[in-house]
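**Q** Each chain, letter by letter, is given below.
Number of protein chains: 2
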Amino acid sequence: MIKHAFSDNEIQGVYRAIAERRDMRHFTPDPVDQAILSKLLSAAHQAPSVGLMQPWRFIRITQSDIRKAIHDLVNEERLMTAKALGEREDEFMRLKVEGIMQCGELLVATLCDQREQYIFGRRTMPEMDLASVSCAIQNIWLAARAEGLGMGWVSLFDPDRLKKLLSIPQDAKPIAILCLGHVEKFYSQPMLIEQGWGEEKPLSSMIMENAWQTS
Amino acid sequence: MIKHAFSDNEIQGVYRAIAERRDMRHFTPDPVDQAILSKLLSAAHQAPSVGLMQPWRFIRITQSDIRKAIHDLVNEERLMTAKALGEREDEFMRLKVEGIMQCGELLVATLCDQREQYIFGRRTMPEMDLASVSCAIQNIWLAARAEGLGMGWVSLFDPDRLKKLLSIPQDAKPIAILCLGHVEKFYSQPMLIEQGWGEEKPLSSMIMENAWQTS
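Just so you know, the protein sequences line up as chains V and W, in that order. Oh and the first sequence: position 73 is 75 in our numbering, straight run, nothing missing. Oh and the second sequence: position 19 is 21 in our numbering, straight run, nothing missing.
Source of the hints: derived by calculation from the structure; they are not laboratory data. Check the hints yourself; a few may be wrong.
Note that identical chains are pooled: a pair holds if it fits in a single copy or bridges any two copies.
Derived DSBU-like pairs (lysine-lysine); straight-line CA-CA distance at most 30 angstroms [said to hold, decoys possible]:
1. K5 with K41
2. K203 with K166
3. K166 with K187
4. K70 with K5
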């Protein structure tokens with residue numbers, strides 16, 4: 003037993019959340035309890051951040067016309083993506099890629115403005131701000147799964163148009179449309195595997211020792 | 003009680019890992035159990051990934067001369083960062099920013115090569131590959147905390163020089179030097195707060211409704 007280790011049940015909770023978290027696109031319309039939403043946002047806020055930058059911002063969408071406008075933006079990008087996929091266009095169009103109009107809560111996660119003042123850990127790696135916000139989003143995802151709620155991260159959008167829609171400053175950037183809510187059931191595997199879009203690569207092919215090895 | 007919710011102890015484990023995870027720079031030299039390392043890498047591999055891309059690769063550093071070379075690279079960037087920080091140079095130089103030579107396990111996390119073939123969720127947002135790898139790293143971080151192990155994410159390096167050192171292909175990219183290992187104690191707050199480098203901003207200032215609001 004390692005000093006500082008959690009109890010067996012707590013450890014199991016962490017691994018279970020990691021294993022059973024899914025990128026959800028199917029939701030039931032039940033509202034999300036506001037106390038749980040607060041806990042999830044607090045979980046996001048406890049994420050690591052490069053040089054204590056805390057670059058995450060969350061815009062909660064409560065107006066139905068704005069939700070609809072976000073859905074329309076995503077749908078346009080969905081069509082553009084389908085075209086860009088060439089021979090897989092039809093196959094892609096059959097996939098459900100988002101649950102924006104169905105989910106109980108819709109959040110837009112953004113990188114904050116005025117990020118150029120943060121140099122610690124970013125002089126050569128400015129994109130570490132995105133890494134921090136991604137960790138914050140993963141915290142929400144895992145805590146939501148433990149609470150029995152599903153989440154989907156939608157990145158099918160033109161960031162400039164989403165900026166305009168939500169009056170996001172030019173030097174900030176939306177990176178995720180987060181669909182959060184109750185679900186009938188969680189996919190037993192990632193939906194893109196269930197639907198035959200792709201196969202999982204084995205972990206063994208992703209671990210190398212001391213230098214890059216071409217597999 | 004929400005359908006699909008975990009048990010209270012499991013839920014507590016998830017929130018506890020999120021709350022007590024720290025970016026660690028102080029380690030004891032005890033080795034990391036290989037069975038636990040495997041569990042942590044499996045946790046990484048269960049992360050969400052844009053369009054099922056699974057863009058994470060991990061290079062485990064077991065040769066001490068390579069570990070030392072990585073440390074030297076980081077130390078060079080530490081000096082460059084200190085200079086770039088101007089009036090905070092001395093203050094920055096007093097901070098311990100990494101535990102590369104002390105930690106039980108050293109991993110380099112990279113974005114994979116040949117990423118341009120992945121279009122799903124990346125046509126307008128190509129940086130979603132970094133988001134996926136960041137979620138994978140957060141999985142390791144949280145699972146490690148539950149197991150009683152600490153981790154630090156070091157981004158103080160020149161990615162091109164680290165590529166060269168580890169023979170990483172030009173179209174792949176190292177994004178994190180991960181120091182993993184046993185710790186005497188976890189910081190009770192983020193180390194940069196404990197050391198007075200910065201203060202935490204309140205969550206309330208990061209939540210907006212329906213549009214960006216200037217605080």
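**Q** So, for every hint listed, does it hold in this structure?
**A** A quick look at each hint next to the structure:
1. K5 with K41: Both, since 28 angstroms and 18 angstroms are each at most 30 angstroms.
2. K203 with K166: Intra 38 angstroms, inter 26 angstroms, cutoff 30 angstroms: inter-copy only.
3. K166 with K187: Neither. Shortest intra-copy (35 angstroms) and inter-copy (46 angstroms) distances fail the 30 angstroms Cα cut-off.
4. K70 with K5: Only across copies: K70 and K5 sit 28 angstroms apart there, 51 angstroms inside one copy, limit 30 angstroms.
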